Amino acid sequence: MSDKVVKQAKDLDNNFRYEISEKIGAKSLLKCIQCGVCSSGCTVTEYVDLQPHRVVASCLLGLRDEVLSSNAIWTCSLCHRCTERCPKNVDYSFILALLRNMAVKEGNVPIEYSATINTIYNNGFVIPYTGGMKTTIDRRRNKMDLPEIVGPNLDEIQFIIKETGLGNLIKKAEEDEK
Amino acid sequence: MEFALYLGCTIPLKMPHFEKAFREISEILGITYKEMEGAGCCPDPVATQSLNIDTWLTLGARNLAIAEKLGLDIMTVCSGCYETLKTVYVLLEENKAAFDRVNAILGKLGIEYKGTSKVLHFAELFSQDEMLEKIKSKVVKPLDSLNIASHYGCHLIRPSKIMQFDDPERPESMDKILRAIGASPLEFAAKLECCGFCARLQDEIGMNLVEEKMTELKDLDKEVDGMVAVCPACATQYDRKEKMISRKSEKELDIPVLYLAELIAIAFGVDTTKLALKQRAVKPTKLMEKLKI
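In order, the protein sequences belong to chains A and B.
Just so we're aligned, residue 1 is where the first sequence starts under my numbering, counting upward by one.
Just so we're aligned, residue 179 is where the second sequence starts under my numbering, counting upward by one.
Among the clues, some could well be false.
As the list claims (entries may be wrong) - Calculated cross-link-like contacts (lysine-lysine; reagent style DSSO-like; alpha-carbon spacing at most 30 Å):
id	chain 1	residue 1	chain 2	residue 2
1	B	K274	A	K31
2	B	K286	A	K23
3	B	K212	A	K143
4	A	K162	B	K452
5	A	K27	B	K292
6	B	K429	B	K456
7	B	K339	A	K31
8	B	K421	B	K461
9	A	K88	B	K286
10	B	K429	B	K461
11	B	K339	A	K27
12	B	K456	B	K314
13	B	K274	A	K105
14	B	K354	B	K296
15	A	K105	B	K286
16	B	K192	A	K134
17	B	K452	A	K143
By construction, these hints were calculated from the structure, which means they are not laboratory data.
Since the structure is predicted, the reported quantities are computational estimates derived from the model, not experimental observations.
Based on the provided sequences and hints, a complete structural model is requested.
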């Protein structure tokens, strides 16, 4: 990022702001006044390549590729202080989730995230609960006199994951593991 | 008082001792539960929401529909689950298009989501005035010798437009509960700082956040006997990372981290052999000695 990035007006994605703002909970994007309250309260502000107010500015300017390939959208700790403190009620933490969704659709997914949905797909839980793991967990619970775990309905969970469009990701996570 | 009990994944699978403490104190308080059979991950508010909001909403609504069938409101024991399920509930109530989209998918499974079961976290229920009185009345071992730091965590109270519980900048619920069991809650600058567990891609973030908070607690004028959390992710984060930091540096960070239900269980006189209090990286040895347990 040391080189100065110069973009011509014709290279900006003028529709990017509306592509985001038309999604549920994201209309507030258009109200940003660039005051920087979000960035000053942000838990991870010193770790990101684009601070929150600059991510919003970049969305409004139409810097689509820069936003969707930034580490900022994935570095968020989900503390929600940005959303809480924004004087214009911009729901930044939710908008950031939408931006991650958009990055995923373009094939940009950190392995930590795709691995999680793969675990949920295969176990119903976010923690492996099959085979030896299941035996250990069940034994430990039994020792503590806790009720048996009635397992999640895997068919339903797998159907929903595929039906909402994450089927491809499941395959990808499986391949990555191999 | 009866609820549908939503345990999530981390507590029943990884921290069953937290669940044990919670079930014990519930029994003493006369709260009963129906188990949510077939429920799965809430799903987690970090990865699933990041990958696809519709997947997140639909899996969440499927869990809520299980409680609806039982005709009960939902009790959660983890702030991550609380945030996911409550956000799903509020978003689907506010957004008809999303409500219809979710139900179109659930309909193919013969499930209907109606939005009739409310979502609570036990910190929310326990901090209500009537409940605080009840908690006080059940204390057999007041913790009046203990200075305790409460870690609210982010997802319990924010975003407040969704969570609609406690003050997002000056929360009091956990401190009220601590006072009800006789303990002295502490005021400190980093009280509302995030634990960093959800910043998954850079481990350094969590390490720094844990080090900052725990160092401040060690440097307070008063001796801190422990920290309590109401989320298994926050609790594990502080417990494991402060141990790691102590090993790597000259700092001796040794403040034990307890799940709030565990501390309540001690105050209620629950047999401590049932509680597995030493099952953590930083053992609460001094705290136990102080309480003679």
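Against the structure, the hints come out as follows:
Distance check on the hinted pair: K274 (chain B) and K31 (chain A) sit about 23 Å apart at the alpha-carbon level, within 30 Å; holds. Between K286 (chain B) and K23 (chain A) the CA atoms are separated by roughly 24 Å; this keeps the pair inside 30 Å, and the hint holds. Proximity of K212 (chain B) to K143 (chain A) is assessed by CA-CA distance (about 22 Å); at most 30 Å being required, the pair is judged to hold. With a C-alpha separation of about 42 Å, the suggested pairing of K162 (chain A) with K452 (chain B) is violated against the 30 Å cut-off.
With a C-alpha separation of about 26 Å, the suggested pair K27 (chain A) and K292 (chain B) falls inside the 30 Å cut-off, and the hint holds. A distance of roughly 22 Å separates the Cα atoms of K429 (chain B) and K456 (chain B); the hinted pair therefore holds under the 30 Å criterion. Between K339 (chain B) and K31 (chain A) the CA atoms are separated by roughly 18 Å; this keeps the pair inside 30 Å, and the hint holds. Between K421 (chain B) and K461 (chain B) the alpha-carbon distance is near 10 Å, which keeps this suggested pair within the 30 Å criterion.
Simply put, K88 (chain A) and K286 (chain B) have alpha-carbon atoms about 40 Å apart, too far for the 30 Å limit, and the pair is violated. At most 30 Å may separate the alpha-carbon atoms for a hinted pair to count; K429 (chain B) and K461 (chain B) meet this at roughly 17 Å. Only pairs whose Cα atoms come within 30 Å are accepted, and K339 (chain B) paired with K27 (chain A) is accepted, the gap being roughly 16 Å. For the given pair, K456 (chain B) sits about 26 Å from K314 (chain B) by alpha-carbon distance, which is consistent with the 30 Å threshold.
Between the alpha carbons of K274 (chain B) and K105 (chain A) the distance comes to roughly 24 Å, so the proposed pair stays at or under 30 Å and holds. Among the hinted pairs, K354 (chain B) with K296 (chain B) is consistent with the structure: their alpha-carbon atoms are about 23 Å apart, no more than 30 Å. Simply put, K105 (chain A) and K286 (chain B) have alpha-carbon atoms about 24 Å apart, close enough for the 30 Å limit, and the pair holds. Pair hint K192 (chain B) plus K134 (chain A) holds up; C-alpha atoms about 11 Å apart against a cutoff of 30 Å.
The hinted pair formed by K452 (chain B) and K143 (chain A) meets the criterion: a straight-line CA distance of about 10 Å does not exceed 30 Å.
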